[in-house]
Amino acid sequence: MQTFAPQIVAFCCRHCAYSAADLAGGARLSYPPSIKIVEMPCTGRANVLEILHALEKGADGVAVAGCLPGTCHYIKGNTLAKHRVDHVMELLKSIGLEQQRARMINISAAMGAQFANEVTNFFETIKALGPSPLSGATSNTRIGS
Amino acid sequence: MPLDADYDNNDSLTSEESNPTGAVLVIGGGISGMQASLDLVNTGYKVFMVEKNSAIGGNMARLDKTFPSNDCAMCTISPRLVDSEQHLDVEVLTNSEVLQVTGEAGNFTATLHTRPRFIDADKCTACGKCAEVCPVPAENIFDGSLVKRRAAYKLYPQGAPNAFAIDKRGVAPCRDACPTGQRAQGYIAMIAEGRVAEAYRSIKRDNPFPAICGRICNARCESACSRGKIDEAVSIRSLKRYVTDTMMHEERIAPQKAERLHDEKIAIVGAGPCGLTAAQDLVLAGYEVTVFESLPVAGGMLRVGVPEYRLPADIIEREVADIIDLGVDLRLSTSVENIDDLLADGFNAVLVCVGAHEGNRLPIPGNDLNGILVNTSFLRDVRLNQLDSTARDPRPDVAGKRVVVIGGGDVAMDVVRTAARLGATDVQVAMRESEDAIPASPEEVVGAYQENITLNTSLNFLRIMDDGSGKVAGVECQCVNKFDIDENGRWVADVIEGSEFVIDADVVVFSTGQKAGLALIPEASEVKVNANNTLEINPNTFATGHPSIFAAGDAISGTAFVIEAVATGHKAANSIHRYLRGEEMDVSEAERPVASFTQQELDARVLKGELVPTPRIAAGSLPVDNREGFEEVDQCYTKAEAMAEAARCLNCGICSECLACEDACEIEAIDMNGMAKTYDVKVGAVIMAPGYRPYNAEHSEEFGLGRYANVLTSIQYERLLSASGPTNGKVLRPSDNQRPKRIAWLQCVGSRDANHDYCSAVCCMYATKQVTMTKGHWPDIDTEVFIMDLRAFGKGYEAYYNKARDNLGVRYTRSRVSKIVEDPLSKNLLLRYMDRGERANTETGESIREEIFDMVVLSVGMEIDDSTKQLAQRLNVEVDDYGFCKTLQYDPLQTSREGFYAVGPFREPKDIPESLLEASGAAAQAGTMLRKSRGTLTREAVFPAEREIVTENPKVAVFVCHCGTNIGGYLDVPGVAEYARGLPGVIHSEDPMYACSQDSVAHITEKVKEMGANRVVIASCTPLTHEPVFRKSLRAAGLNAYLLDMANIRNQCSWVHSHDWDAATEKAKDMVRMSIARATNLQPLTTNEMSVQSGAVVIGGGAAGMEAAITLADQGFPVDLVERASELGGALRHLHYGLEQFGIETALPPRGSDTFLGPQDYLKKLIAKVENHPSISLHFNAEVVNAQGFMGNFSSTIAYADREERIEISHGATIVCVGGVEYRGEEYGYGSDARITTQQQFESTLAELENVGGETPNNVVMIQCVGPADKYCGRICCTSALKNALTLKRLNPMAQITVIYKDIRTYGFKERIYTQAREAGVIFMHYEADREAEVTIDADGALNVSLWEEILGRQMDLKPDVVVLSTPIVPSPRAAELANKLKVAQDADGFFMEAHIKLRPVDFLADGVFMAGLAHYPKLLQESIIQAKAAAARAATILSRDTLTTGGPVAEINQKMCVACLTCVRSCPFGAPRISSDAPSIGGILGAAYIESALCQGCGLCTASCPACAIELKHYTENQMGAKLDALFKKAYV
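So the sequence lines, in the order shown, correspond to chains A and B. Under the numbering used here, the residue at position 67 of the first sequence is numbered 67, and the numbers go up by one with no gaps. Quick note: to get the numbering used here, add 10000 to the position in the second sequence (first position is 1).
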């Protein structure tokens, strides 16, 4: 049976989460193909508008994945990112969308398995929510694995 | 004067007429080796980094997190790995060691030895297929031996170089013993995993007759098998048979005909195992091969010499068919009459392997009677008649007859057992050999006995008896005591006179050796025949006297075993191929080491329980009652039996050379024949950073490591915690894979004990880290740490420890556990220990406690590896008994050998930041020595000028990499490339097999030039490792390096979605489309070269400041040394006694001196040196009052307290060494009474009293951890206190000294001063924080110290003459002001804050500013000296450059949109955004922000913070990122 496969954008910091994704691949760990990674020098680079744009353009969920708390290579990038994700969640709520469509993930470069788990978990959460009304899709029009 | 001598020496070194070599040898690729290397290459020296493992990273790469910041070790170390490995000037030599270093400081020749990794690291793409197919399990030392890895392995996933390696001890003894080199260990490993088809392929590689050898081989492999030293050899032959039988049950797939590659034709005479082996090799090599066989069947002696019951004909036929089907022209029943005819017929080479088919008869009377047979013809006739009853010679008729076989070899047994099967009534064997020397193999003898055959031994044969009619009647024999062999090789019998007797017989069969039938060799041939009827050949080339005629097999050796025939067949074929190709023929193969185990090694493993003696598993055999026919006697293993037997293999060679990896590797990166290399490199200096090894706690038997499953070492526990470790970061008990509920940590295992008189300095903290991580993940796990003292002496450590104890609920118990006992059922662990303190002081007086835990972690200490000790000896560098390196006083990195520097735990156990300080410090010293040759050996990549592309439309060239099957095997790569071709802006798309291979990288460059492309997209693996590679190919094509985007379709797609071809293909298309969209928006980024001011400002004229200044000035950089006071010296002025005499600091006197120098003498020399140094300008009574600029271009204003003048200094770097002062608060009545003093004051008093011979106090109480020491540990107070205590004891042996302490923190070798103090009678009394002592003054004016005595459990009063308070160093009172001026940070305690507490211990976050000495944290003098040198090294990486590159992917502010709100200024941790007061901002209002690009780190925090969206981070602009998202969601974004 074909089911709804949410489109997920994961903004990944080059130092930690992106490395963890590389490690997950190296260990041949699987996660849903509709998760697309966008590399950034630091999650501190991800601004609120960008996260909202991703949702506006069609993402059903946006994850911002950076280093573990306190270990940002730029001292406070992931802390700023967390604030921004929180802010986006507030904004989503205020326009009647599910807050869960944005999520901050903290992960170290050694956590390949955890990366796969975290994004899969996010995927499942969004899947349960159904398509984002902004995506212009319905449960029946967007299918995949 | 010693110190001056030192400096003279230094000068003479660098002023020599011959310049030194501008390269440095760095021994060790751990974190300190990497730091030293990077500092060196960044100051202009080439580095050879020698690492003994297959990847760099050292012990730090094994850690999960690092304390006290809980940073992921891998996150922090991997950038260094990549930097070190990819730097043009660092030559990383893995699998390598240093054999010797000759020459003088400045000009050394180092002889290096590199073991082969067997996988070409340049080719390897780290796909891991080799490890996937490798059948051999090997010890995974990296993972603490908790799990196995494969012989083909990558040390750890992130390891550099990013390549696999093969772990090989040498050739396995079984393979070595086999004439044809069968990879027995390999196929056995495959059998153990049930991979029978692969095992078959592996066997067939060396032996075309495995089914045959699985039955009748003499199995020399088994004689050589190491397992035989413990119990019994592995039953290798039976295992081989198991493989072939299993395969033969499956339908045969005929091999493909071999391709003809060469014109030459080859004739082979004889279709035995030798001839057919050669035929196979030669036909596979591409020749036309014709085999002539006089018999009607192929297989030679196998087919007609070995009876059916041992070797069924169908098996032979199948193996022969596998060869013939390759395209061999086999001519049966075709005798070659004359070898020369073949050459005349146009054959270019002939191989004679006619075997030895002519049986011998003993030269005794009656040997030609009727009824006499010969073994070979007997067996042949039986075999041929089984095939065809109308064969030329009839089947020998022995039914109902008495048969005697003369001979005792395997053939004799074949004959006699065949005769029995043909119905002979009485069958006997008679032989010369005695019963204990029967030549036949034991199983044959057993078989004969089982079949009721009589064996007559120790006989001399006199004649064959005649029945009178010319027929055989019997054999007359004589008994012998023994036979000897004389010098002519003849048998000489020691007969027993009168023992003659007759064995009655109707048929006698001679089985006394065979020889070759050589009638085909003409009399006058150049082919010579030896006296023993074998052909004469060159044993290396197998060539006879005629260059085109070769010979092999039994024809050259006489009767031998099948495996020899196969072996010589291979060799002769190879030789013929070389001959026909005109290649050198007489080549000898290099000797390769054999990987056998000694009896001792094996016994030790048995003793440890690693190996359990287990007898071999016997294969079944046909019951004797069923042996009437020719049914096969020996039976085959079942699968279970085979797997169990295979599991007995010890994997001697580690790599078994099965070549499964070679088959699996698509890029031909495997080179099994890799050889070790020994070679020389020229270097000017050597930095030794060989690191430590964790103590092998199996030696502390009381803890049961290795015997008790749930006792782990700290390294093993670290691997459990590590997300990329064997359990993916879960803590599980090895015994049952369950999460433990109670874990105990035992400290000081292999430290502070009878065998280690030192403290390993890191264990307390790493154990605290481990409990912190454990509690963080699983708060329900109960944790207890058994300590002697908790040594949290470093920066941030005390708070970290307090948090674990007070917030996380970790129990710290002060006791040394004496013994662990395992409960054999639950595998839980019972700990026995002596409890100290109140809990012990019960009414019963019971103080021995027992507690049960379900896991115990041993915090193992640091030791020096034996290989390091040997290295030190080879390099003539002095080490102590433990192997720790001795270094010079006041020059603590300089070893006993000039030009050799020692860093890291090799000097003394230590933590990562201190190791890094030493690494940088050593780099500075090497740099000083080699300064004349700076930049002489470093390289710079030269690229063509960049093409201007701004006016062009985007023209994208796309390369979609197959990565062999890594991508291509899981998604439609050509389809993705085709799809990309249709996307907007794309002018070219192709799908290379390996985009990163050298030729491919060059091809990309060419293609970009040819097509005029101005953007490139590479869809392949991760940019983290490969972006630099492809950027280079863009630069080579004249494009800006930033016009590249990579789609990571391997790590993020093919490897993740390997089960779903369509989804993976679709995702790859999405990813490539996103990349192209971003690429079309990419812009070339320019960088600017900014000139660098060559000088440095050093603030502070204490020991650290002076050492830093000298180190820089000695390298030729001008230094302004700014000192607030009117004299130099700082805190060093208060130091009167060194630590050297306690054996706890540098062990060697300064160069040029026989004795140690006092601190004040050192200070004097240091001041003299600074004052006289031409490159140092001194500023007394001076302060930096204003500081501007950035790395490379600072401007500082110096003001003087004693005059109005101010001066402005331009400099490239700043080093802050403003020191610290001893805390003097009011605690314990300090200040109220002169008898209450501090350690610094007490030391001065002692020195003064010693000078004048004054009377020293008799009773002293020292109180530790006074004042702010409850917030942070003062680090040096314990050591200073004990130094003063021992000094007092020396001056006044009767003095009574009591030290009241919380923990004695004498880390590293400082432990020895603690031991000496206890031995000298210093009394130690412990107190807890809530029970501090009280100092009062009695009514009579006497001092009174009142405290709680824990062991007695009561309050006690002491009456000292003097109370000495150990107060910590606190930051200089002016530090905050300076921090503000320099815009650098301080920590909560007021010390300057480094950029990263673990990995950047001298850098400030602000580039170009560094720190050293007490301003950073309290430290001992020698630690300050080291840190000063390190700071100088870091500064030199800037000062040594003419220009600095700025720009690239940095942020930029559009000032027209700026509202100067300062958000960016606040968001940036690096101070890059600044306000320019005269620049117009939005609406033309003056005052707009700008980014100082030299300071910008490119993180983008400001970009995302700017409320006006006025800031763009180049290379990650909104357009570029947005284009990616647009492309993702608009599939046809055209």
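Don't read these hints as lab results, they were simulated from the structure. Please read these numbers as outputs of a predicted model, since none were measured by experiment. There may be inaccurate statements among the hints.
Claimed, not checked - Computed list of lysine-lysine pairs in PhoX-like fashion (alpha-carbon distance at most 20 angstroms, straight line):
hint	chain 1	residue 1	chain 2	residue 2
1	B	K10775	B	K10803
2	B	K11530	A	K57
3	A	K76	B	K11383
ask   = So which hints don't hold here, by number, going up?
value = The structure breaks none of the hints.
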